[in-house]
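Here is what each chain is made of, one letter per residue.
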Amino acid sequence: MILGSPGERALLLGNEAIARGAIEAGVHVAAGYPGTPSTEIIDTLAKVADRIGMIVDWCVNEKVALETAYAASMCGLRALATMKHVGLNVAADVFMSIGYSGVRGGLVVVSADDPGCHSSQNEQDNRYYSLMSYIPCFEPYCPQEAKDLLTTAYDFSEKYETAVLFRATTRICHTRGDVVLGEIRRIERKAEFTYNPSRWVLLPVNSRKLRVKMLERITKLEDVLSSFEFNRLEGEGKVGIIASGIGYAYTRDALKALGLWGKVRVLKLASSNPLPAKLFRKFIESVEKILVVEEGDPFVLRRVKEKLFDLGVQIPVHGKGDYLPVAGELDLFSVMRAVARLVGVEVKEPSESISLEEKLSGKIPTRPPTMCPGCPHRATFYAIKQAMKELGERIPCTGDIGCYTLGFNPPFQLQDTSTCMGASIGEGAAIARFTGKPVVATIGDSTFYHAGVPGLINAVYIQAPLVAVVMDNGVTAMTGHQPHPGTGMTATGKRSKVIKIEDISRACGVEFVRVVDPYNLKETIQVIKDALEYAKRERKPAVVVARRLCALVAARKGLRGKPPVVEDCRGCMVCVNTFACPALIVEDGKVKIDEGLCFGCNVCTQICPFGAIRVRK
Amino acid sequence: MQCLHTNMSVWSYKGEKMMETIVISGVGGQGILTMAKIIGYALVKKGLRVRVAEVHGMAQRGGSVVTYIRYGDVDCPRPSHGMAKALISLELLECTRYLYLLKRGGIVISNDWIYPPNVPGVSVPSKEEIVKLIEENTGKLYLIPANKIADSLGPRLIANTVILGSVAKLGILPLSKEELLESLKKNIKHKYLEVNFRAFDEGYKAV
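Which chain is which? The protein sequence lines are S and L, in order. Here the first sequence is numbered in the numbering used here, starting from -1 and rising by one per residue. Here the second sequence is numbered in the numbering used here, starting from 319 and rising by one per residue.
Treat the hints as calculated values from the structure; they're not laboratory data. Keep in mind that this is a model prediction, so the values were computed, not measured. Some hints here could point you the wrong way.
In silico lysine to aspartate or glutamate, DMTMM-like type, Cα no more than 20 Å apart, as pairs [claimed, not checked]:
hint : chain 1 : residue 1 : chain 2 : residue 2
1    : L       : Lys403    : S       : Asp329
2    : L       : Lys466    : S       : Asp592
3    : S       : Lys157    : S       : Glu22
4    : S       : Lys520    : S       : Glu391
5    : S       : Lys590    : L       : Asp469
6    : L       : Lys403    : S       : Glu6
7    : L       : Lys445    : S       : Glu585
8    : L       : Lys458    : S       : Glu531
9    : L       : Lys466    : L       : Asp430
10   : S       : Lys207    : S       : Glu159
11   : S       : Lys560    : L       : Asp469
12   : L       : Lys523    : L       : Asp430
13   : S       : Lys357    : L       : Glu454
14   : S       : Lys357    : L       : Glu446
15   : S       : Lys261    : L       : Asp391
16   : S       : Lys361    : L       : Glu496
17   : L       : Lys363    : S       : Glu6
18   : S       : Lys387    : S       : Glu521
19   : L       : Lys450    : S       : Glu356
20   : S       : Lys520    : S       : Glu536
21   : L       : Lys403    : S       : Glu350
22   : S       : Lys361    : L       : Asp469
23   : S       : Lys387    : S       : Asp414
24   : S       : Lys361    : L       : Asp430
25   : S       : Lys357    : L       : Asp391
26   : L       : Lys458    : S       : Glu355
27   : S       : Lys560    : S       : Glu593
28   : L       : Lys403    : S       : Glu355
29   : L       : Lys363    : L       : Glu447
30   : L       : Lys445    : S       : Asp586
31   : S       : Lys361    : L       : Glu447
Could you put together the complete structure from these sequences and hints?
Okay, here's the thing in structure tokens:
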């Protein structure tokens, strides 16, 4: 479907539309690190990479992914780098430099922002990176435009020798929409590195000159973007709305629902930075007040105020911060209310529905996401908790980003911190050093490769009594089981060398390194206790690799075990209250196994204090 | 001040063209996204403009999942309170949780299954309480024993297709039974088709 013929009308996920846009633009190299809501772009491209001759990589982290794409651009190839918003923090070092050097082959960096924090630690608005780097920022409003705008971004990138920051948000990335497919361009280019030190070597002597060039470029783009096909003026009236990116989709529906379509002057923006100067001046000619509709921070709003100030024009500007809430995602009602307020019409509040929502939230228990039945992380958390119990001490447990962040929830409550990728080790080692007491850091395999290794080297270096428990389930699980350097497979399914966590740990200077199977609770508890005692005694870090394939991947491979049998359950609820596997269900005060859900890991058979849950013969 | 909304329904649409919202909810892992995709695909093939808003990642994994299907003269993927003409659910608690998205007199079709959240010591309202709560707040409730039907046919995962069959029968969507079956064929792996067709039929007969 993703390789469908031009003119075909397909139902594409926003991320698939972006992938198709890259294919239509003849992109040669695509690289990323998995992160919701960006993952399906590379997932989609990886599936067809060999057929279309595209190099598609999952990289160890976003920085390396962007370096890969940037290097492709240096070699004259068209390149795509994808990441979630916080991934650009990791890649920011490269990104800022690309602003200076500019590009040779077209380079687009997709940042998938997550307003509403559906699957992220924050709501950061990455359009600010555009301002900081002087790299223009494009924002599509729907899946169709995501595809078309991305394709156009490559010609733009090469014409003006600048990278493009392509900012999508959850409701673009994870919305399916009807998309008319376009022509697939095949651009034959050979990767050739050209020596151009004044451009690729960012020494002060070069950077000073490149900075001047960069400033000239962004000023020029203000004019260029005034005649950009994705920016336009619509409707007439004394009331103006600036609708940026997906804000335009909300604006359209709000205007239609209010019967105001065509009666309000709309500046539709697909480039949120720089603002198209001429188009903006034309827009403000007839308007007496302005509403800015945008997803995320009041980014365009602030730019608009700045522009108006520069032009010496006094027009009231509203948006995020007064007419629209800054926190959370846009929703249609909020936008309708803001538009109605601007125009001066009444919109009836859906107060009945709002009070119903409140009433329901009091009656219906929340349903936090949970680790899957058979999840090896559950067993590891149980073992950590049990080890602490046996040592008679609640030890601080620094957390990280992945499925195991769910260890925050009862009954484990073993994520005392969760900050960003790799922080469990960096923070854990520091806390251990400052307090002089052991700390347990819990980190996943993919996260360990991504940003855990420098922290571990540092832990050895500062001699911190840290026990790093690396929960190795063989894949980047949370985002949909993408391979990583420990999987033995590349993004496109080719075999690769397995880089072992225990080997890395030893090479970092860790002297206590053990590998355990978390399904074996007794052994896992003992090793964690040993590691804690070692760290305390030796004042050195220890690494425990808890290795067991993700249960979802194992189930797909037909590696499901048999569900255990329950006989003579006394209803003590120890298994339910301390292990909380979704397959353990309670009926009439007794525990039963839901055989449809059970993975057959048999860990619960090791937990029942009365031996009532038994391995099925 | 001019008042644009004089009638009872807040979302009475002033435009000339249709703009509809359907909500599908359930527990992560029940095949909600697949169901939404099947409906979305059929709507696109019908020539309609479509937005299907999903949630991925952290929000899955046995958590509460809600997707919005909007079609007609639509652009924005995320609706708001009181906008949906139907709420389709694969679990009763998740059904009740999103009732506020329904417009007055909206239709509810739900699997009659209660799956308590995986939280030690959680207290869950009884089925009678839930049904009462739904009936108090909506026009029509159709309870489908989709899990029981699925269990009798094969894997429980096909409960979503059972519900899809019921949706087809009730004529909530501007799609015929054949159009939905065609989309099912396009979006389900070949080896699971047979059992899904049976699930669809049973769901169709169940209302």
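- Message: What's the verdict on Lys403 (chain L) and Glu350 (chain S), does the C-alpha distance respect the 20 Å limit or exceed it?
- Response: holds (16 Å)
- Message: Run the distance test for Lys523 (chain L) versus Asp430 (chain L): straight-line Cα separation, threshold 20 Å.
- Response: holds (16 Å)
- Message: What's the verdict on Lys357 (chain S) and Asp391 (chain L), does the C-alpha distance respect the 20 Å limit or exceed it?
- Response: It is violated: about 32 Å lies between the C-alpha atoms, which goes past 20 Å.
- Task: Compare the distance between the alpha carbons of Lys458 (chain L) and Glu355 (chain S) with 20 Å, and conclude whether the hinted pair is satisfied.
- Result: Given pair Lys458 (chain L), Glu355 (chain S) holds - Cα atoms ~19 Å apart, limit 20 Å.
- Query: Holds or violated: are the alpha carbons of Lys560 (chain S) and Glu593 (chain S) at most 20 Å from each other?
  - Reply: holds (9 Å)
- Query: Has the given pair, Lys466 (chain L) with Asp592 (chain S), been kept, meaning a C-alpha gap of at most 20 Å?
  - Reply: The hint holds at about 14 Å.
- Compare the distance between the alpha carbons of Lys445 (chain L) and Glu585 (chain S) with 20 Å, and conclude whether the hinted pair is satisfied. Roughly 15 Å between the alpha carbons, so the hint for Lys445 (chain L) and Glu585 (chain S) holds.
- Assess, step by step, whether the Cα of Lys520 (chain S) is no farther than 20 Å from the Cα of Glu391 (chain S), and give holds or violated. holds (19 Å)
- Query: Keeping to a limit of 20 Å between CA atoms, is the pair of Lys207 (chain S) and Glu159 (chain S) held or broken?
  - Reply: holds (16 Å)
- Restraint status (C-alpha distance of Lys590 (chain S) to Asp469 (chain L) at most 20 Å): Holds. Lys590 (chain S) to Asp469 (chain L) sits at ~18 Å (cutoff 20 Å).
- Would the pair Lys403 (chain L) and Asp329 (chain S) pass a check requiring their Cα atoms to be no farther apart than 20 Å? Given pair Lys403 (chain L), Asp329 (chain S) holds - Cα atoms ~17 Å apart, limit 20 Å.
- For the pair supplied as a hint, Lys357 (chain S) and Glu454 (chain L), is the alpha-carbon distance within the 20 Å limit? holds (13 Å)
This entry does not satisfy hints 6, 8, 16, 20, 22, 25, 29, going by the numbered hints stated previously.
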